[in-house]
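Colleague: Throw the hints in and build the complete structure from the sequences for me.
In order, the protein sequences belong to chains R and F.
Note that this note's numbering numbers the first sequence so that position 141 is 141, with each residue one more than the last.
Note that this note's numbering numbers the second sequence so that position 83 is 83, with each residue one more than the last.
The hints are simulated quantities; they were obtained by calculation from the structure and are not laboratory data.
The reader is advised that the hints may include incorrect statements.
[Stated by the list, open to error] Result set (DSSO-like, lysine-lysine): computed pairs, CA atoms no more than 30 Å apart in a straight line: (1) K142/R <-> K25/F; (2) K142/R <-> K152/F; (3) K26/F <-> K97/F; (4) K24/R <-> K151/F; (5) K29/F <-> K151/F; (6) K124/F <-> K29/F; (7) K142/R <-> K92/F; (8) K26/F <-> K152/F; (9) K151/F <-> K25/F; (10) K92/F <-> K26/F; (11) K24/R <-> K91/R; (12) K3/F <-> K24/R; (13) K123/R <-> K24/R; (14) K29/F <-> K24/R; (15) K124/F <-> K26/F; (16) K92/F <-> K152/F; (17) K142/R <-> K22/R; (18) K97/F <-> K24/R; (19) K142/R <-> K91/R; (20) K3/F <-> K92/F; (21) K142/R <-> K97/F; (22) K124/F <-> K25/F; (23) K142/R <-> K29/F; (24) K3/F <-> K22/R; (25) K24/R <-> K26/F; (26) K22/R <-> K151/F; (27) K22/R <-> K26/F; (28) K97/F <-> K151/F; (29) K97/F <-> K152/F; (30) K92/F <-> K22/R; (31) K25/F <-> K152/F; (32) K25/F <-> K97/F; (33) K152/F <-> K29/F; (34) K22/R <-> K91/R; (35) K92/R <-> K24/R; (36) K22/R <-> K114/R.
[What the hints assert, rightly or not] Quick list of the computed label-pair ranges, beta carbon to beta carbon: (37) M117/R <-> S99/F: 21 to 31 Å; (38) M1/R <-> L48/F: 47 to 57 Å; (39) M117/R <-> K97/F: 35 to 45 Å; (40) E4/F <-> I41/R: 18 to 28 Å.
Ideal Cβ positions, reconstructed from N, Cα and C, are used throughout, including at glycine.
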Amino acid sequence: MEVAILSISVIASLASLIFIPKNKILESHFTFLFAQLPTWILGLSAVELGLLEYPIRELSKVNRTSFIFEFLILPIICIFFNTYYPFNGSKKLRLGYYAIFCSALTVFEVILEKYTMVITYIKWHWYWTWISVCIILWLVRKVTLWFFRST
Amino acid sequence: MNKESIITILITAATALALIFFIPKKRIKEAFLAFLFAQLISWPSGLLQVLFGLREFPVKFFPKATEAGILLNFLLYPALFTIFQIHFPNDKNTQYKLSYSVFFIVCMTLFDAFAAYTNLVVYKSWSWFRSIILFSISFFAARRYVIWFFKKLLYSNYKV
Numbered sequence: 001m002e003v004a005i006l007s008i009s010v011i012a013s014l015a016s017l018i019f020i021p022k023n024k025i026l027e028s029h030f031t032f033l034f035a036q037l038p039t040w041i042l043g044l045s046a047v048e049l050g051l052l053e054y055p056i057r058e059l060s061k062v063n064r065t066s067f068i069f070e071f072l073i074l075p076i077i078c079i080f081f082n083t084y085y086p087f088n089g090s091k092k093l094r095l096g097y098y099a100i101f102c103s104a105l106t107v108f109e110v111i112l113e114k115y116t117m118v119i120t121y122i123k124w125h126w127y128w129t130w131i132s133v134c135i136i137l138w139l140v141r142k143v144t145l146w147f148f149r150s151t
Numbered sequence: 001m002n003k004e005s006i007i008t009i010l011i012t013a014a015t016a017l018a019l020i021f022f023i024p025k026k027r028i029k030e031a032f033l034a035f036l037f038a039q040l041i042s043w044p045s046g047l048l049q050v051l052f053g054l055r056e057f058p059v060k061f062f063p064k065a066t067e068a069g070i071l072l073n074f075l076l077y078p079a080l081f082t083i084f085q086i087h088f089p090n091d092k093n094t095q096y097k098l099s100y101s102v103f104f105i106v107c108m109t110l111f112d113a114f115a116a117y118t119n120l121v122v123y124k125s126w127s128w129f130r131s132i133i134l135f136s137i138s139f140f141a142a143r144r145y146v147i148w149f150f151k152k153l154l155y156s157n158y159k160v
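Modeller: Here it is as structure tokens:
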């Protein structure tokens with residue numbers, strides 16, 4: 001079942017890229033490339049410090065983090081976050097937007113943690129996921145804005 | 001401090017300094033993109049190299065988390081590509097460009113061989129010839145990407 005979950009997530013995340021409007025392609029490229037930096041470092045650190053682990057994963061012999069999640073899924077989520085970010089919305093709307101993304105990811109991860117062997121919390125808590133996702137989404141957005149700002 | 005830690009610190013410091021000194025401020029965005037894309041190629045390539053028993057990376061920042069050391073594949077080589085890309089002689093003729101590329105790749109291969117000597121990387125089923133091929137392909141692909149990206153940027157509404 002875990003293998004099915006991993007495969008479906010890869011296919012689903014790649015397929016979801018059709019929903020990116022064409023005029024945001026360059027931003028998406030940059031977001032994807034940059035997102036890998038913090039997610040990868042955080043992911044490696046978390047496993048290194050024994051905070052969580054991914055018992056069933058791809059490339060299992062050479063890598064103990066989830067390559068798919070860090071390298072593919074989270075960056076793609078960042079792309080969607082940036083593409084549909086409500087620039088002109090009220091502060092409440094923007095905070096709500098953040099909250100929805102962080103909560104959805106956290107809930108999804110907790111479900112995976114409880115019912116599958118894709119990920120296991122050792123010394124980790126769900127709110128750390130919430131906080132780290134929030135920080136990553138924020139950071140990636142800020143850096144993408146910086147990159148595309150006219151100088 | 002053992003030999004490995006010293007080398008790790010030296011390489012990290014050298015990478016940081018090289019990036020600071022060799023990247024002119026007005027091209028920082030191009031450099032940033034080059035760096036990120038080089039990481040995209042280099043890191044999975046490193047993982048695959050370990051997976052297929054081609055090379056090993058004994059010195060690691062994250063020994064428990066991954067077998068493929070991030071030092072070389074995630075930091076140093078992308079940084080070297082960034083410098084390659086930024087200082088690429090676009091205005092000179094083809095022969096000059098070719099010489100520049102060959103020179104850079106040969107230097108990197110030499111460094112890689114040196115790294116093998118200092119145990120930063122262990123050649124299992126590898127040779128300097130493969131290093132040359134790998135660097136050439138990665139550099140070429142990454143260069144194409146950065147050029148494409150900035151050309152597209154020029155024709156769009158963004159100003160970078």
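Colleague: Work down the list of hints and note, for each, if the structure agrees.
Modeller: Each hint tested on the structure:
no., hint, in the structure
1, K142/R <-> K25/F, "holds (19 Å)"
2, K142/R <-> K152/F, "holds (22 Å)"
3, K26/F <-> K97/F, "holds (22 Å)"
4, K24/R <-> K151/F, "holds (15 Å)"
5, K29/F <-> K151/F, "holds (14 Å)"
6, K124/F <-> K29/F, "violated (37 Å)"
7, K142/R <-> K92/F, "violated (37 Å)"
8, K26/F <-> K152/F, "holds (19 Å)"
9, K151/F <-> K25/F, "holds (20 Å)"
10, K92/F <-> K26/F, "holds (21 Å)"
11, K24/R <-> K91/R, "holds (23 Å)"
12, K3/F <-> K24/R, "violated (48 Å)"
13, K123/R <-> K24/R, "violated (39 Å)"
14, K29/F <-> K24/R, "holds (18 Å)"
15, K124/F <-> K26/F, "violated (42 Å)"
16, K92/F <-> K152/F, "holds (23 Å)"
17, K142/R <-> K22/R, "holds (21 Å)"
18, K97/F <-> K24/R, "violated (33 Å)"
19, K142/R <-> K91/R, "holds (16 Å)"
20, K3/F <-> K92/F, "violated (42 Å)"
21, K142/R <-> K97/F, "violated (36 Å)"
22, K124/F <-> K25/F, "violated (40 Å)"
23, K142/R <-> K29/F, "holds (14 Å)"
24, K3/F <-> K22/R, "violated (51 Å)"
25, K24/R <-> K26/F, "holds (24 Å)"
26, K22/R <-> K151/F, "holds (16 Å)"
27, K22/R <-> K26/F, "holds (28 Å)"
28, K97/F <-> K151/F, "holds (20 Å)"
29, K97/F <-> K152/F, "holds (23 Å)"
30, K92/F <-> K22/R, "violated (35 Å)"
31, K25/F <-> K152/F, "holds (22 Å)"
32, K25/F <-> K97/F, "holds (23 Å)"
33, K152/F <-> K29/F, "holds (14 Å)"
34, K22/R <-> K91/R, "holds (27 Å)"
35, K92/R <-> K24/R, "holds (25 Å)"
36, K22/R <-> K114/R, "violated (38 Å)"
37, M117/R <-> S99/F: 21 to 31 Å, "violated (54 Å)"
38, M1/R <-> L48/F: 47 to 57 Å, "violated (26 Å)"
39, M117/R <-> K97/F: 35 to 45 Å, "violated (52 Å)"
40, E4/F <-> I41/R: 18 to 28 Å, "holds (21 Å)"
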